[in-house]
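There are 2 protein chains.
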Amino acid sequence: MTRRRYIEEKLRAVDAKIGDTIRIIKDGKGMEGVLMPHHEFSGDDIVTIKLENGYNIGVAVDRNTDIVLIKKQKMGIRKTKKIPFDPNKPTISIIGTGGTIACYVDYRTGAVHPATSAEELAFSVPEIFEICNVRAHVAFQMFSEDIDVSHWKKLARYVAKELNNGVHGVIIPHGTDTMGYTSAALSFMLRNLSGPVVLVGAQRSSDRPSSDAAQNLTAAATVASKSDIGEVVVVMHGDISDTFSTIHRGTKVRKFHTSRRDAFKTVNDIPLGKIEDGKIMFNVEYRKKTDGKVLVDDKMEEDVGIVYSYPGLRPEDIPEKKGVVLVGTGLGHVPNRVIPKIKQLIDNGSIIVMTSQCIFGRINMHVYSNGRDLIKAGVISGEDMLHETAFVKLMWALAHGKNREEIERLMKTNIAGEITERTRADTFI
Amino acid sequence: MTRRRYIEEKLRAVDAKIGDTIRIIKDGKGMEGVLMPHHEFSGDDIVTIKLENGYNIGVAVDRNTDIVLIKKQKMGIRKTKKIPFDPNKPTISIIGTGGTIACYVDYRTGAVHPATSAEELAFSVPEIFEICNVRAHVAFQMFSEDIDVSHWKKLARYVAKELNNGVHGVIIPHGTDTMGYTSAALSFMLRNLSGPVVLVGAQRSSDRPSSDAAQNLTAAATVASKSDIGEVVVVMHGDISDTFSTIHRGTKVRKFHTSRRDAFKTVNDIPLGKIEDGKIMFNVEYRKKTDGKVLVDDKMEEDVGIVYSYPGLRPEDIPEKKGVVLVGTGLGHVPNRVIPKIKQLIDNGSIIVMTSQCIFGRINMHVYSNGRDLIKAGVISGEDMLHETAFVKLMWALAHGKNREEIERLMKTNIAGEITERTRADTFI
Numbered sequence: 001m002t003r004r005r006y007i008e009e010k011l012r013a014v015d016a017k018i019g020d021t022i023r024i025i026k027d028g029k030g031m032e033g034v035l036m037p038h039h040e041f042s043g044d045d046i047v048t049i050k051l052e053n054g055y056n057i058g059v060a061v062d063r064n065t066d067i068v069l070i071k072k073q074k075m076g077i078r079k080t081k082k083i084p085f086d087p088n089k090p091t092i093s094i095i096g097t098g099g100t101i102a103c104y105v106d107y108r109t110g111a112v113h114p115a116t117s118a119e120e121l122a123f124s125v126p127e128i129f130e131i132c133n134v135r136a137h138v139a140f141q142m143f144s145e146d147i148d149v150s151h152w153k154k155l156a157r158y159v160a161k162e163l164n165n166g167v168h169g170v171i172i173p174h175g176t177d178t179m180g181y182t183s184a185a186l187s188f189m190l191r192n193l194s195g196p197v198v199l200v201g202a203q204r205s206s207d208r209p210s211s212d213a214a215q216n217l218t219a220a221a222t223v224a225s226k227s228d229i230g231e232v233v234v235v236m237h238g239d240i241s242d243t244f245s246t247i248h249r250g251t252k253v254r255k256f257h258t259s260r261r262d263a264f265k266t267v268n269d270i271p272l273g274k275i276e277d278g279k280i281m282f283n284v285e286y287r288k289k290t291d292g293k294v295l296v297d298d299k300m301e302e303d304v305g306i307v308y309s310y311p312g313l314r315p316e317d318i319p320e321k322k323g324v325v326l327v328g329t330g331l332g333h334v335p336n337r338v339i340p341k342i343k344q345l346i347d348n349g350s351i352i353v354m355t356s357q358c359i360f361g362r363i364n365m366h367v368y369s370n371g372r373d374l375i376k377a378g379v380i381s382g383e384d385m386l387h388e389t390a391f392v393k394l395m396w397a398l399a400h401g402k403n404r405e406e407i408e409r410l411m412k413t414n415i416a417g418e419i420t421e422r423t424r425a426d427t428f429i
Numbered sequence: 001m002t003r004r005r006y007i008e009e010k011l012r013a014v015d016a017k018i019g020d021t022i023r024i025i026k027d028g029k030g031m032e033g034v035l036m037p038h039h040e041f042s043g044d045d046i047v048t049i050k051l052e053n054g055y056n057i058g059v060a061v062d063r064n065t066d067i068v069l070i071k072k073q074k075m076g077i078r079k080t081k082k083i084p085f086d087p088n089k090p091t092i093s094i095i096g097t098g099g100t101i102a103c104y105v106d107y108r109t110g111a112v113h114p115a116t117s118a119e120e121l122a123f124s125v126p127e128i129f130e131i132c133n134v135r136a137h138v139a140f141q142m143f144s145e146d147i148d149v150s151h152w153k154k155l156a157r158y159v160a161k162e163l164n165n166g167v168h169g170v171i172i173p174h175g176t177d178t179m180g181y182t183s184a185a186l187s188f189m190l191r192n193l194s195g196p197v198v199l200v201g202a203q204r205s206s207d208r209p210s211s212d213a214a215q216n217l218t219a220a221a222t223v224a225s226k227s228d229i230g231e232v233v234v235v236m237h238g239d240i241s242d243t244f245s246t247i248h249r250g251t252k253v254r255k256f257h258t259s260r261r262d263a264f265k266t267v268n269d270i271p272l273g274k275i276e277d278g279k280i281m282f283n284v285e286y287r288k289k290t291d292g293k294v295l296v297d298d299k300m301e302e303d304v305g306i307v308y309s310y311p312g313l314r315p316e317d318i319p320e321k322k323g324v325v326l327v328g329t330g331l332g333h334v335p336n337r338v339i340p341k342i343k344q345l346i347d348n349g350s351i352i353v354m355t356s357q358c359i360f361g362r363i364n365m366h367v368y369s370n371g372r373d374l375i376k377a378g379v380i381s382g383e384d385m386l387h388e389t390a391f392v393k394l395m396w397a398l399a400h401g402k403n404r405e406e407i408e409r410l411m412k413t414n415i416a417g418e419i420t421e422r423t424r425a426d427t428f429i
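So the protein lines, in turn, are chains A and B.
The numbering of the first sequence is the working numbering, which starts it at 1 and goes up by one.
The numbering of the second sequence is the working numbering, which starts it at 1 and goes up by one.
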């Protein structure tokens, strides 16, 4: 049994759950406090408790340590708190999906829970209630690396239902790892949006002093309740000094840093706008919300993959799938020796789209002979799309085009802001 | 027969080569000029000639057009020009590999050739002779997407030979697509450098007015001939207004734009320095050149691949190779459902290293359960390495470590500046 497992079983044996008050008895001495969640940066043998003076301490627990349950946490945010309603404020929906941002701090105990109920989700950032009324829902509770097409579909339907029920906008708290993929997917799946759809995340959980959860959620609430955007957008920190948040188009944004709060950047375009001091300022034109009914168009072909090119890439490294997004080098190249395999896959019906490892800039396979050979083989230019967006779009296009020509036409047509006709000079790092 | 092929055969029939003077006769009218290379942006049916007044014109050629050879180009740069030698200047070696930068402009005809001889290579930017003496060599002539391990080995040996023969430094003009991979490979292969090894490229060929070839090469010559660097570096445009060039550490640099001249950026560190007005300014510490003999340590395991994670990634998408660099999401995650396959591959002897799609920041698999499961399965953290560098290093480490423990130790040890112990706060986009 691992040490962590041993501790978990020891806590379970006395029915001690996070938020409960326990006493840890070690070497004849006892320490009493509220059981806190195990923190990633603590050792496996550590149990963290919040003392009455408010400090958290970690205690190493071994076979000679006793744990006693002193009292159970008083449960029931749901019972003691009610989501407020102000008839003069717009109403939005929050649809929870999990991720760091959906971790809920119990303000009484300081403990961090995943928000598994709608009310907990809403109360995870009570500041929102200053801005708007909130309907809260939990669609699912996932770390974002496990979110896939089935979740995108569920979300798209949820969003449409909420907007068609009359809310002003929708917020989707989401793990940041794959938020760009989900925002792109919803951009293709949702048509005729009658309000903003705002994905938002946090790079640091709410139990850390540097957490970006509160600012991101209030900025998202501002966009969802006060803007006339009819697009799927991502709202995240614009800088690390908490000055402003940035509104990114859902098809043009990716995560560029593993830990910084300003990790999200718009690529090959400038961001739609920003939120500063509660005010929204726009940089560019955007699609306005409509008065009609939101439509869901969520047919997707799942047999699509991403293949990253590298020196020595071999023909067998390119799999037989209905769709493949190649992440080539430079303007859109791969080693010459894999081109016959690519041609063979295309001749057998695969759709292959070229994007670039450079991330910034545009594919141009007309410049060098390698690119021209790829065009001849039938590889489709991903233009200036992010490879993540091209991957999602290819799933969508394969399910919507009846034949190769139609799929190619869809891939080359700007559907949801994913292709900019001319790349602006001021959109690089 | 394609139109282009038709034109090529028509030119071949009259023995008209680039640089020769031809007459194109169409609709009874004739135009005379020097045959120019076919330009990527011209139509397939266009033949471009340089008129006597210096203007280039494109003429559409069809079956009713005649082409007549007027006179052959006078050959022999090699015969008419000699590389100058100034005993008061340091001597460097240029080792040509191909790519946009190695395209040679014949200043007499304006025609662009790949520099297939050492002298042509040297004369591709005669400005260099102001800075240093040049020994020129052509190692091979490749577009960089086709450069692989065998070429890296050839280059490493070439560099060592030249430095051990006493040149002050070495310049390697290289296609920009995979320059970062090659600079990383040479960084691991070369030990005890007695002078700077400078990779340099061009995003725009020398026949275009916006070409960056001249500035990049002169900056590279300055670094190669005047600095005391004992590392492999990349020198490229620092901005788009030709103000300065940047010196990047070979293991920390990647191409971030398909076409901009300032496409290369240092990741997770600040660049070593810059060259402005012919002067070198350093930002950080670097390894100084040694007085000893350069050693080549170029054993590489070629059975290594890069796998880019995406929503819906399946176990069968992760191939059985001796080494795999995963490009995961965020702090280093992949969909949970592929973890058993990863564990199985590792149990069967594969070495699997985690890097991030974020590119910036550091892997930390201790934070979330997905990462902890990956650590348990035996996945090695790529720390803050670029995935391109981790890929090259894994080839090198697999060939140098006797067992799993040694390979893991090598991957986690900073060998050539590829891992920074603490990421600086000022190194993001």
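One thing to keep in mind: the hints can contain errors.
When chains are identical, the list treats them as one kind, so a pair holds in a single copy or across two.
Said to hold, decoys possible - In silico BS3-like links for lysine-lysine, alpha-carbon gap of 30 Å or less:
1) K402 / K153
2) K154 / K376
3) K17 / K226
4) K10 / K274
5) K153 / K71
6) K89 / K26
7) K17 / K299
8) K343 / K82
9) K293 / K343
10) K71 / K89
11) K341 / K299
These aren't lab readings, by the way, just hints derived from the structure by calculation.
Please read all numbers here as calculations on a predicted model, not as lab measurements.
These are the hints, each one checked on the structure:
1. Taking CA atoms no more than 30 Å apart as the test, K402 paired with K153 passes inside one copy only; the shortest distance there is 21 Å, against 48 Å between copies.
2. Taking identical chains as interchangeable, the C-alpha atoms of K154 and K376 are never at most 30 Å apart, the minima being 39 Å within one chain and 32 Å between chains.
3. Taking the closest pair of Cα atoms, K17 and K226 never come within 30 Å of each other, the shortest separation being 40 Å inside a single copy and 66 Å across copies.
4. In the homo-oligomer, the alpha carbons of K10 and K274 never lie at most 30 Å apart, since the shortest distance is 49 Å inside one protomer and 59 Å across protomers.
5. In this assembly of identical chains, the alpha carbons of K153 and K71 never lie at most 30 Å apart, being 43 Å within a copy and 68 Å across copies at closest.
6. Proximity of K89 to K26 under the C-alpha cut-off of 30 Å is found in neither arrangement, the shortest distances being 54 Å within a copy and 75 Å between copies.
7. Within a single copy, K17 and K299 get their C-alpha atoms no closer than 43 Å, and across copies no closer than 54 Å, so neither meets the 30 Å cut-off.
8. Taking identical chains as interchangeable, the C-alpha atoms of K343 and K82 are never at most 30 Å apart, the minima being 61 Å within one chain and 47 Å between chains.
9. Proximity of K293 to K343 under the C-alpha cut-off of 30 Å is found in neither arrangement, the shortest distances being 43 Å within a copy and 48 Å between copies.
10. In this homomeric assembly, K71 and K89 never come within 30 Å of each other (Cα to Cα): the closest approach is 40 Å inside a single copy and 83 Å across copies.
11. In this homomeric assembly, K341 and K299 come within 30 Å of each other (Cα to Cα) both inside a single copy, at 29 Å, and across copies, at 29 Å.
Taken one by one, the earlier hints fail for this structure at numbers 2, 3, 4, 5, 6, 7, 8, 9 and 10, listed in ascending order.
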